[in-house]
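Undergrad: The listed protein sequences correspond, in order, to chains A and B.
Heads up, the first sequence is in the working numbering, so the first residue is 6 and it goes up one at a time.
Heads up, the second sequence is in the working numbering, so the first residue is 2 and it goes up one at a time.
Mixed in with the good hints, there may be bad ones.
What the hints assert, rightly or not - Partial list, computed: chain A residues near chain B (C-beta under 7 Å):
#1 53
#2 73
#3 77
#4 78
#5 81
#6 87
#7 93
#8 95
#9 106
#10 115
#11 116
#12 145
#13 153
#14 154
Stated by the list, open to error - Pairwise CB distance ranges, derived in the manner of DEER restraints:
#15 A:57 with B:438: 22 to 32 Å
#16 B:169 with A:149: 34 to 44 Å
#17 B:418 with A:32: 36 to 46 Å
#18 B:426 with A:214: 42 to 52 Å
#19 B:301 with A:215: 56 to 66 Å
#20 B:301 with A:122: 23 to 33 Å
#21 A:199 with B:421: 42 to 52 Å
#22 B:186 with A:140: 58 to 68 Å
#23 B:215 with A:131: 52 to 62 Å
Derived by calculation from the structure, the hints in this document are not laboratory data.
Each residue gets a CB set at the ideal place from its N, CA and C atoms; glycine is no exception.
Below, each chain spelled out in residue letters.
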Amino acid sequence: MLNIENLHVRVGGKFILNGLDLEVGAGEVHAIMGPNGSGKSTLANVMAGRDGYEVTEGRVTYDGHDLLDMAPEDRAREGVFLAFQYPVEIPGVNNAYLLKAALNAVRTHRGETELDAFEFLTLVKDKMKMMHMAESFLERGVNEGFSGGEKKRNEILQMAVLEPRLAILDETDSGLDIDALRIVAGGVNSLRSPDRAMVLVTHYQRLLDYIEPDYVHVLSGGRIVRTGDKSLALELEERGYDWVQEAVNA
Amino acid sequence: MTMAAQRGSDRKLSRAEASFHDAWRATERGTDPISNLQRAGFAEFEASGLPSTRVESWKYTALRTLSRRAFRVSGPVGAPTAEIVEGMAIEGLEGPRLVFLNGRLQQALSGSEDLDGLGIYSLSDAVSDGLGAAAEILGQIADPAAHPFAALNQAFLEDGVVITVAPGKTIAKPLYLLFISCPGGDPIAAQPRIVVDAGAQSHLCLVEHYTGIDEPDNLTNAVTEIRGGAGSRVEHYRLQEEPAQAFHIGGLHARLQRDASLDSHNIQVGAALARLDIGVSLEEPGAELRLNGLYTVDGKRHVDNHTRVDHLAPETRSDELYRGIVDDRGRAVFNGKAVVHKDAQRIDAHQSNKNLLLSQQAEVDTKPELEIYADDVKCSHGATVGQLDKNALFYLLSRGIGEEVARKLLTYAFAEVVAARMPLEVVRRRLEKRIAGTLPESDLIREPVGGDR
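When you get a sec, could you build the whole thing from the sequences and use the hints?
TA: Below you can see the structure in the form of structure tokens.
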């Protein structure tokens, strides 16, 4: 589904990704781990199409299309979803409006009819229950005054409503207490399906106790330096990132 | 001849000034109080003329186009039908309504309603009754020496309204003043005067709405004077939606006594050139002012808001929030001044002006000013000029929302901060609707979704 080949990315004159390769198939869950500054968030942002990242080499295909050639909104409509590390607050626009506008944009693109208010509410209330969110969240400004945990839950709620084919979760576990982590992980797990791929970008192994990945990759110096199964994450937790870096240098 | 008048007579008059001088000379005046006020007004206008950009408070607002137009101070107007008037009015606003055409009160189009404690008199009736309490307000709060357009308005003082609220009375419904500008052959200068006397412990909600039909190239020069008695509360809305060729100049001047409050909501979305001067004196302890403002400027339009609050007494508070959206080649000017006088201790004065620039050619000149002559005060001020938040824009795009809609949505969100502070729902909704414009299902942006609750 997603194929990244030899990706080089420069941010403000500095190379952050230096020849990254990654292949993600439908139904798979990949965890990308790495120390701070290894390029994890850069990878997530480049996939979603954020400005300010210069791809100097390499290619990314999504379902055979050149992903880098698509505008961010087109990527979203084609089923790519980024759960933000720092979700943005937009006071004055309520959550329900954003959810509905986003959902209808995706549905229209797929050639489906837009949902009416009743259908939309039925759908969204169901998903909110799963995320343990009170219905009053619908009427609040987008992420306005939300706690860190509420913002992350809201990201997963959006994902649950939009049902993307490729979800990239950028440090979704950061800033979560254990209860919130369980809820978020529960939401993510319920969205696992044979035709959906997920990429979890994380610093800590903790999240992977709740969302079991099929593959674990270690990112270091802008490249994937090691790939394994979930046991690699446990080994990292025990021995630290220096161990991988030393093994690469050796 | 006074020195001032002498200075005035040395200048070459602009076409607009000459038209006002001619109109002045064409009318006889007596020795009654109104004639005296008119005379004093004209003397000030003759001395100052139309302000040039050399005058500090008019530095960024040039009146070239206005000054080249000759105005008539009154003239026949084609009377629009009640249906047309209804179509221009704020939908859903209940209560007494006074309709003015080119500044002239139209009894036939107005709908009166007896509300306990509310007195409404046309200015001409008040004049023939000897003014009464209005004499202490009319021409006494809006200073013609400080404001050339207030002087001009005073010189041609004829029509308008005197509003009184009896002490202790809460007026149950908003009082709606609808000013409609309409073509009258030549450009017309409509110069209504609104006088408000809010008695002690009274409560009034007043809506001034300026609009127009059939694209007149008129000038509206409206002046409002408010005296807020002890413990009174006045909620004032000023919605300026004039046609694209119109000039709109306004003044809102108030004096607040002990524990009185004024909430001013100033919305400027129309006219080729608009300027509003707000001046409020907090004269006694406990007086409180909230200034809430929103302006949108596009095309080659120009909007200027000048506000000034004088903290004359201790324990007075003022809080100002103004936001502007400036697009195309539009230009916005903001000047907010708070003066804390000597001995006005333990006061709060806060001011914020934020501007959203939506194009490269748009321009904003903003200047918050604080003058403090007391030492125990809490003051803050800030002004920003910026573009749409890139992170917020990307967030919306990454959810599949198209760029055009995303930009409009964020622009709406920027303005909504001001709209949210307006308790009068029908006005707030009208504003939100206008700003949301062509956004899909715009009525849902901040309302609960769904009809099933």
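Undergrad: Has the hinted range 42 to 52 Å been met by the Cβ atoms of residue 426 of chain B and residue 214 of chain A?
TA: Once the Cβ atoms are compared, 50 Å apart, the range 42 to 52 Å for residue 214 of chain A and residue 426 of chain B holds.
Undergrad: Once the shortest beta carbon distance from residue 81 of chain A to chain B is found, is it less than 7 Å?
TA: For residue 81 of chain A, the interface hint holds, since the closest Cβ of chain B sits about 4 Å away, which is under 7 Å.
Undergrad: Does the interface hint hold: is residue 115 of chain A within less than 7 Å of chain B, judged Cβ to Cβ?
TA: violated (11 Å)
Undergrad: For the hint on residue 95 of chain A, just tell me whether its beta-carbon gets within less than 7 Å of chain B.
TA: At 5 Å from the nearest chain B Cβ, residue 95 of chain A passes the 7 Å test, so the hint holds.
Undergrad: Grab the minimum C-beta distance from residue 53 of chain A to chain B and call the hint holds if it beats 7 Å, violated otherwise.
TA: holds (5 Å)
Undergrad: Double-check residue 93 of chain A for me: the hint is only fine if its C-beta lies closer than 7 Å to a C-beta in chain B.
TA: This interface hint holds because 4 Å falls under the 7 Å limit.
Undergrad: Please verify that hint: residue 154 of chain A, Cβ, nearest Cβ of chain B, below 7 Å or not.
TA: violated (18 Å)
Undergrad: Would you settle whether the hint for residue 153 of chain A is holds or violated, based on the nearest Cβ-Cβ distance to chain B being less than 7 Å?
TA: violated (16 Å)
Undergrad: Should the interface hint for residue 77 of chain A be scored as holding, given a Cβ-Cβ cut-off of 7 Å against chain B?
TA: With Cβ-Cβ at 4 Å, under 7 Å, it holds.
Undergrad: Given residue 106 of chain A as an interface hint, is its Cβ closer than 7 Å to any Cβ of chain B?
TA: Given a least distance of 5 Å, the restraint on residue 106 of chain A holds.
Undergrad: Is 36 to 46 Å right for how far apart the beta carbons of residue 418 of chain B and residue 32 of chain A are?
TA: Given a distance of about 45 Å, which is inside 36 to 46 Å, the answer is holds.
Undergrad: With respect to the beta-carbon atoms only, verify the hint that residue 199 of chain A and residue 421 of chain B lie 42 to 52 Å apart.
TA: With a Cβ separation near 46 Å, residue 199 of chain A and residue 421 of chain B satisfy 42 to 52 Å, so the hint holds.
In terms of the numbered hints stated before, the structure departs from hints 2, 10, 11, 12, 13, 14, 20, listed from lowest to highest.
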